[in-house]
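Letter by letter, the chains look like this.
Protein chains: 2
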Amino acid sequence: MSSPEILSRSPDQSRPLNSQALVIGVDYGTDSVRSVVVDAQTGQELASAVAHYRRWAQGLYCDPARNQFRQHPLDYIEGLEASVRGALAKLPPEAARRVVGIGVDTTGSTPGPVDQDGRPLALRSEFQDNPNAMFILWKDHTAVREAEEINHLARTWGGEDYTRYEGGVYSSEWFWAKILHVLRQDAAVRAAAYSWVEHCDWIPALLTGNEDPRRMKRSRCAAGHKAMWHPSWGGLPSETFLTRLDPVLAGLRGRLYEETYTSDEKAGNLTADWAKRLGLQPGIAVAVGALDAHMGAVGGEIGPGALVKIMGTSTCDVMVVDDTELGGRQIGGICGQVNGSVIPGLVGLEAGQSAYGDVYAWFKEILSWPLETVLPEVLAADGAACEEHKDYKRLQEEVEGRILERLSSEAANIPAGETGLLALDWLNGRRSPWADQTLKGAIVGLTLGTTAPKLFRALVEATAFGSKAIVDRFAAEGVEIRQVIALGGIAKRNDFVMQVNADVLNMPIKVATSDQTCALGAAMFAATAAGIYPSVAQAQAAMGSGFSKVYLPDPKNAAKYQQLYSEYLALGQALESQLRRL
Amino acid sequence: MSSPEILSRSPDQSRPLNSQALVIGVDYGTDSVRSVVVDAQTGQELASAVAHYRRWAQGLYCDPARNQFRQHPLDYIEGLEASVRGALAKLPPEAARRVVGIGVDTTGSTPGPVDQDGRPLALRSEFQDNPNAMFILWKDHTAVREAEEINHLARTWGGEDYTRYEGGVYSSEWFWAKILHVLRQDAAVRAAAYSWVEHCDWIPALLTGNEDPRRMKRSRCAAGHKAMWHPSWGGLPSETFLTRLDPVLAGLRGRLYEETYTSDEKAGNLTADWAKRLGLQPGIAVAVGALDAHMGAVGGEIGPGALVKIMGTSTCDVMVVDDTELGGRQIGGICGQVNGSVIPGLVGLEAGQSAYGDVYAWFKEILSWPLETVLPEVLAADGAACEEHKDYKRLQEEVEGRILERLSSEAANIPAGETGLLALDWLNGRRSPWADQTLKGAIVGLTLGTTAPKLFRALVEATAFGSKAIVDRFAAEGVEIRQVIALGGIAKRNDFVMQVNADVLNMPIKVATSDQTCALGAAMFAATAAGIYPSVAQAQAAMGSGFSKVYLPDPKNAAKYQQLYSEYLALGQALESQLRRL
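Residue numbers (my numbering), protein chains in the order written: chain V, 1 to 582; chain Y, 1001 to 1582.
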């Protein structure tokens, strides 16, 4: 395997904490929330802290076998306090007084039901343990049927096809499908849910005391990409469409929103109560929220011509294009095109893969099965003979913790295209191109000589082929990709995966220096909303972290993968209809 | 899961060792040879011993990644002595003197090159480490290309289609393909190989001093099923055909054989030298050898209308039918139909699956990967802190040893057809129906909720679907199956696998009482060859072990599997051509 080129530019870690303004970027991820205190002038990341969601970590309210994933609003609140206070605690006390703005990004679409006061229902005692009263995490796929109904109706009802700016396919991961599913399922929630909020709408609303569902400043990004909001049809889909979908939705549109806002704007000012809870000054700017990938792309210095891949448990692939360049085209098979969803004034394009790191984590889980079932039994039988390993947990965790690294290093030694295997990466359905959550993964070509590292390599190649399918979709619509920028845990930590991606895409991939580009992007928005910069582009220019590595494609591997990629496409075609039936 | 019915009939273990005649059944398996001393009157198994092949156990001469599996003739010789002597040592000394016959079965097609004296080349010092001078084990798939050439030529050369009685497809696992592959590959072996012998031909020849390749008594079973021998075209394929296949084969036919023999006949009498080596009387009868599955089917009390499944690493599915019932039909897609290959006077039909238990063992290997790579590192790092586990081998082996049992018990709790998965069982190619060693396995329908027990259940279901495809092939040719009898390690030990089979086949499956039906069958042939019984059927009636269990199909599961089986067939069709390309 070739090694990535290490770029020389890196942030100036020696710069002292001076008296200039600070901003905080708050990044809500799938498992935890991270707050980063950033120098608003230089983008230097001064301190950060991560808080894991306590209830989520215990597996509460989830049912992975049914793809039900819910998060409790208290996990968000407790995590916010812990991470902001934790980050500030690492700095001198005066730092907190110099914070002039907060930006927030979250996963999404992650909607939750709220009452008339904008309070998530799960914060009320009667709903505190009801998963339907909580936030429905992006990767929850309980609403597959509802998404199908939305797609069917949008195409056949004779009115506007509201999926036009969503890539032409509405996903079960999104706002309306999830709302419809819960309202049908749960009469108590149906009765109590006055309105619904995205996670990224609710946190800034909460911090600014602007929680009235009709008045809170809703994210353009979430509304446009996930809720079929578009100015051309006056905002959200019409009442007629929604009630035809299901009368259970009647009236909800009027209790949601018409206007949306980009994140260079303020959602409001921090309330005295929250200033106290977070240890900050009251009245500072809180930017309108947005989805993590979009703020991450900004943090990763997105601009026209760049494809930014945020590579974590799933991927988001983000681009920005000038409206005139797009020439009114609606790009099919992606997750939407929304003016201002990434950088105000440009059209943000979003695509993605429903499972990426999750595919590798799944394989690790499979390989960990004997460690979690048989090993404890065997060690228990050894009894007192072994003090060190009587508590098997530590041994188990240490072994499991090393599996992916070891798999990567062994898989890297297998030549490209030599596993004899071919896989489909749709283990969590397919998001792009052409969203279809009923699809599933596959591994074919198994022989008695197939090893765990070969399986892993095939899975890594499959996720890279999935990336290429997205690049091809953009290219087919004439959206030119001049550079690829990678962000996120996988981009930072796994040379093997990144090299396979460069080889499969046959393009260099630059990796951003910052480890927390989402939070950095949120900080850029905070700085812009606080008035330090007149535009997001100027915030990017001043605060960007630059790039630490570039992975160059190996032409020999690229040629092999070109061939194997056509087999990947053929496999998908051969299996699609059967996978839907399973 | 329903439990098998335990049948009341079981062998009479209390019967004392009396003065009657004994016979020895010698069963050469893939990893070891087992010798069983049997009461020739009752079939009671008095003592047995197993000897593992020493060189094979070390992985010598094999290359699993290329599917090259070779066995050294010394492994066979040493194993024979150790197992016969080991079994006799468990009995009073006079027992050895009462042994009147030996029967031998082996795996196959497992041919090896011999010199003019019938000595396997690997027994000569210049060839002692050359894998091409050894026996080419049944599961060696290095001759895929040669098998294709044989099939192509047989169909196109304008003369006799010699594959007619081999199911219409010649396999890379068989005699001529393997010989051709080695002769092309290895000039030294080509020059020195006067003739070739099947493992089951060579052992009786060796024991009786009848090793001249032109005169040793060749097994009808091996010749008919694996070497395209048939009386209608005067034995082996013609010299013209063979030299058109490749001139390298010129003259070999004349150094092989014309006549073949059924195993109710004597190969000869035990030589004084071998009597001494084994601790037996010189001059006792040694029956003509045959393939393990065929003798196993006899040991399992095969008769017309019964399908006998020998379920181990692979399966053999054996039937016997009256020639008149068959009405001259040649059954396509199986491994051959040979008059006398199982029971003299009846046509033996053989089919099978190239990997069965091997599929489960493969999955165990995959799950064991962290135990073999990461666990030793972690335990080594624990150093002196833990005396008990510093030697990780024992812990590793104990955990690995329990994996399949635990998988089976967890998989048994998943309802039929509820894994969401579908697999193809062709991890070692497909033997029946329609042999094709270029096919491979597949698992489709993967989601992030797919667990190791679900994967295992899908693999077990796939192997059962593979069994059903064979049953359907017989049925399509009008061969009526009135009962299913299961033998072998899996049949005896894994209730879960057997119940899935009964549900998928939608037929009761009886399991033979004997744990070693192949050796018992060999003993029946020994008793017949020694003249104790006038026919094999009479030996079966007297010596059969009966049945210990019956698995009854659950009608609800059977209905579900009927549906899933059609998906299995569809999946195979969708993937066949792509699997060949991988």
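FYI, nobody ran anything at the bench for these hints, they're computed from the structure.
Check before you lean on any hint, since a few could be wrong.
[Unchecked claim] In silico lysine to aspartate or glutamate, EDC-like type, Cα no more than 16 Å apart, as pairs: (1) V:K276 to V:E94; (2) Y:K1393 to Y:E1377; (3) Y:K1549 to Y:E1576; (4) Y:K1364 to V:D382; (5) V:K393 to Y:E1365; (6) V:K364 to Y:E1372; (7) Y:K1393 to V:D382; (8) V:K364 to Y:E1365; (9) V:K549 to V:E480; (10) Y:K1393 to Y:D1382; (11) V:K364 to V:E418; (12) V:K468 to V:E567; (13) Y:K1364 to V:E325; (14) V:K556 to V:E365.
Handout entry: 16 Å Cα cutoff - pair V:K556, V:E365
Key = Violated: V:K556 and V:E365 sit about 33 Å apart, past 16 Å.
query: When you check the alpha-carbon spacing of V:K468 and V:E567, does it fall within 16 Å?
result: Holds. V:K468 to V:E567 sits at ~13 Å (cutoff 16 Å).
Notebook entry, point to check: Between Y:K1549 and Y:E1576, does the CA-CA distance stay at or below 16 Å?
Noted result: Measuring from Cα to Cα gives roughly 37 Å; hence the hint is violated.
Y:K1393 paired with Y:D1382 [C-alpha distance capped at 16 Å] = Since the Cα atoms of Y:K1393 and Y:D1382 sit roughly 15 Å apart, the hinted pair holds (cutoff 16 Å).
message: Can you confirm whether the C-alpha distance between Y:K1393 and Y:E1377 stays at or below 16 Å?
response: Within the cut-off at roughly 12 Å; holds.
Check your understanding: Holds or violated: are the alpha carbons of Y:K1364 and V:E325 at most 16 Å from each other?
Key -> Violated, at about 55 Å.
Quiz item: CA of V:K276 to CA of V:E94, is that 16 Å or under?
Solution: Judged against 16 Å, a Cα distance of about 15 Å means the pair holds.
Keeping to a limit of 16 Å between CA atoms, is the pair of V:K364 and Y:E1365 held or broken? holds, 15 Å
Checklist entry - V:K549 and V:E480: Cα distance at most 16 Å? => result Not satisfied, since the Cα-Cα distance of roughly 23 Å exceeds 16 Å.
Practice problem: Would you check the hint for V:K393 and Y:E1365, treating anything up to 16 Å between C-alpha atoms as holding? | Solution: This hinted pair is violated, its Cα atoms lying about 23 Å apart.
- prompt: Holds or violated: are the alpha carbons of Y:K1364 and V:D382 at most 16 Å from each other?
  reply: violated, 23 Å
- Pair hint outcome, Y:K1393 versus V:D382 [Cα-Cα no greater than 16 Å]: Holds, at about 14 Å.
Violated hints, in rising order: 3, 4, 5, 9, 11, 13 and 14; the structure is consistent with all others.
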